[in-house]
Amino acid sequence: MEAVNKTQTKKNSQIAEIWRRLRKNKAAMIGLVIISIFAFFAIFAENIASYEEFAVKQNIRERLQPPSSEHIFGTDGYGRDVFARLIHGGRISLTIGIVSTAVSVFFGAILGSMAGFYGGKIDNFITRITDAVMCIPAILLALCVASALGNGMINLMIAISISQIPGFTRVIRSVILTLRDQDYIRAARSCGTSDARIIYKHILPNAIGPIIVQATMAISDMILTAAGLSFIGMGIAPPQPEWGTMLSEAKEHIRYAPYLIAFPGISIVLNALSFNLLGDGLRDALDPRLKD
Amino acid sequence: MSNNDLLLEIKDLEITYRSDDTVVQAVNGLDLSLKRGETLGLVGETGAGKTTTALSILRLLPERTARIEKGEILFDGTNLLTATIGEMRAIRGERISMIFQDPMTSLNPVLTVGDQIAEAILLHNEGLSKQQVQDRVIEILGMVGITPERRNDYPHQFSGGMKQRVVIAIALSCNPELLIADEPTTALDVTIQAQVLSMMAELKNKLGTSMILITHDLGIVSQTCDNVAVMYAGEIIEYGTVRDIVLKDKHHPYTDGLFGSIPDLKKDTDRLTPIEGLMPDPSNLPSGCKFHPRCPKCMEICKTVQPGLYREGNHTIACHLYAKEGQ
Amino acid sequence: MLKFVLKRILLMIPTILLVILIVFSIMNLAPGSPGRLILGQTAPQEAVDQLNEELGYNNPFLVRFANYILDICKGDFGNSYRTGRPVFEEVLNRLPVTLKLSTCAIILMVSIGVPIGILSAVKQYSAMDYFFTISAMFLAAFPVFWFGLMMILTFSLHLGWLPSNGAETWRHYIMPIITLSLPYLAIVMRLTRSTMLETIRQDYVRTARAKGASEKTVIFKHALKNALLPIITIIGMTFGLMLGGAVLTETVFSLPGLGTMIVTAIRLKDIPQVMAAVILLSVMFSFIMLIVDLLYAAIDPRIKAMYKKG
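Chains as they are written, first to last, in the working numbering: chain A, 1458 to 1749; chain B, 11 to 337; chain C, 498 to 807.
This list has only true hints and no planted wrong ones.
To give an idea of the chain B side of the interface with chain C (calculated C-beta under 8 angstroms), a few residues:
hint: 1; residue: R74
hint: 2; residue: R102
hint: 3; residue: G103
hint: 4; residue: D112
hint: 5; residue: S116
hint: 6; residue: E129
hint: 7; residue: H134
DSS-like, lysine-lysine: derived pairs with alpha carbons at most 30 angstroms apart:
hint: 8; chain 1: B; residue 1: K140; chain 2: C; residue 2: K801
hint: 9; chain 1: B; residue 1: K80; chain 2: C; residue 2: K620
hint: 10; chain 1: A; residue 1: K1578; chain 2: C; residue 2: K801
hint: 11; chain 1: B; residue 1: K140; chain 2: C; residue 2: K713
FYI, nobody ran anything at the bench for these hints, they're computed from the structure. Using N, Cα and C, we set each Cβ at its ideal position, and we do this for glycine too.
With the rest of the complex left out, here is chain A:
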């Protein structure tokens, strides 16, 4: 009983140590703060500005108004309040980013574990397919899948997840390959520990670090790719206020309402940047040797 408690406290203090190191990284903290702000607005979007009333309902009389006290970020070509659209768009972007990443990590972990752990023909097969998929530039792959499936949030998420699965498969496979040959794994095996238990107790805890770092960076990529696909019309369709879609609509009014381009773009940049900063910080916090 005491041994179990000891390992639990050790794990807790490890996490505390990682958090302490992360806190010291100012850039990562800024990223975390920005993400929290966006998350806050995303979660409470409906309370702050009702979707139906502000984000979607057209109000032609008030169209293309520059930022004012009534509409802090102005109104778009259909008279809709830009700020309301932005925060609802934030909901969409964050959902897409997080859910797609989770799905990619899940499938990538399964494939990567199988390839790394069992080796041989299974590894060969999975690696060949992964290599082939990685030959196709990610955006093009997502574009193909999105075009085959059609518009809509779920299809977009499927498309983006698929384009990121090979990356995770590779990372997890290489982590497992490194760990598999460690002596303590051999020791566990020689004691008769089952494969599943080895993966769960020994390999996964060590793999979590790189996975988390990769996942954080992936969220940033996914947000950018989702915006890109929506921009060219292959992702989220109007009237939904995805940031990329908003930019595509704003293109028409670029001459007279440039602010329409600024705000969604800045939102995308801030989000992508924050996740990148956080990911960098996590990488340094998880393995401080890499820093100096």
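Since the structure of chain A is provided, determine the placement of chains B and C on it from the hints.
Using the frame of chain A, we list chains B and C on its own:
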């Protein structure tokens, strides 16, 4: 004249490493000296500060984190700590050479072995023709027992022991006055160790090179060194000739511990006697004598007062046990 | 050595076949049969069925795939659903624009990103390093299409210096090239920097210093030569990302390249067109990675030795 005789003199050297919020005291008031032609063994466990001391002689410490707080390193009269970087570069490789512990990573993988030796030669002998340089490269390879054709091979084509020979060849290529060898054989097999050490001894005698041999292996020390300095927590706690250290019976308790933890072929022992405890945390060193928490002969005074030096001829011991007996 | 090159090229073929299979399978999921897509929504069902039969649509998946591969070997990527003309023709028409855009963007990316990365690494912790690192982080987060729009806003609309669409003169390419290269330049710079930092920390760099070598020699002759290999890989991989970004850039600036072709083709459900373009771009990327591999073998003596044996 004693001035000519003394090649290297380190006086009161203090080095710290600083990172974020911790200060690590790596070297604390170190005094050491080396005569021409002498081989000095610098002994101690990992973390004692031996490598830091060695790197500081050539001023190769990491710039951002390491700070030389005070002290002097006199090489043939010149204080190396105040020399310009240009002067240091002229000294490195030519008057003082250093070889490091891991031969596997000490050589540049994308340059041929011959190129790397030639580089050392050309850095300090600019006027030589290509042919002269090649001749010298072949000559040096011959000295370390490597055939001339191999100079066009890459490091990965050599075994560990041969790589270390190449490293030694590079170090001796300009006939330095002082060779600092930091655990040169630790990463090698025992049989190769013996080969490399005997080769080093031979070369040393032939070329008249003085040597500082850093090691934690007391066996090597007793075979190759003239004098021995025992280092603990950044200080020299005992110094003497090899006879003093290996044969005499008055020692610092740490030295006793070091010898005591070696298995003796002749004695029948059930258990080894290791030294209790661990090396102190260099960012949080004990007060008084730094060995006192682990010392089986610790007295009250040891906890608060730094021990002075007890001398018997050339043999010095920094311990309260002896310092009170007679100075 | 030639044997090695041929061997690697041969090894690429199954991978390319797999790529084509993957693209083929994905596009196969798209709703609507070719007959319907070609003749339109209003055409009578019998005409659609007949056309489908002619095109071999009713054959099993593997047969269709095999036929597709065989056709490709003859240079036939099928005919456009929209125009009826060979798809490959249009692809070749559009290729030069995309090539010009990507090649110039890569040159810009490498010639600025790599040196700055090296400089940053060598002068780590300096003000310059911080400036470049932070700028790179920002640039890498910029969506390529947004940056393009901002550029149009500033340089076309506000200042009137540069044209905002089309590809007639070299001036039309200036903004697209800068837009496309910047985010990837940032990525290359950061990765180059971290590779250099890691290399500088290696033991053999310390050996070089201990020999008395100057900092310049240490950085260029010892560190850089070793760092060059991972840097080349980074450049190769970033090229792949850039091909994707080219699609967005072409769209923003209305450049008549492969990117805009793909987007239009998707919108019009012209599947053979999409497939041909995506396959071509993927093959281009594979070739770049092949060249990276070959360069590796040429530069790194350890790898060269491995392949001399086999």
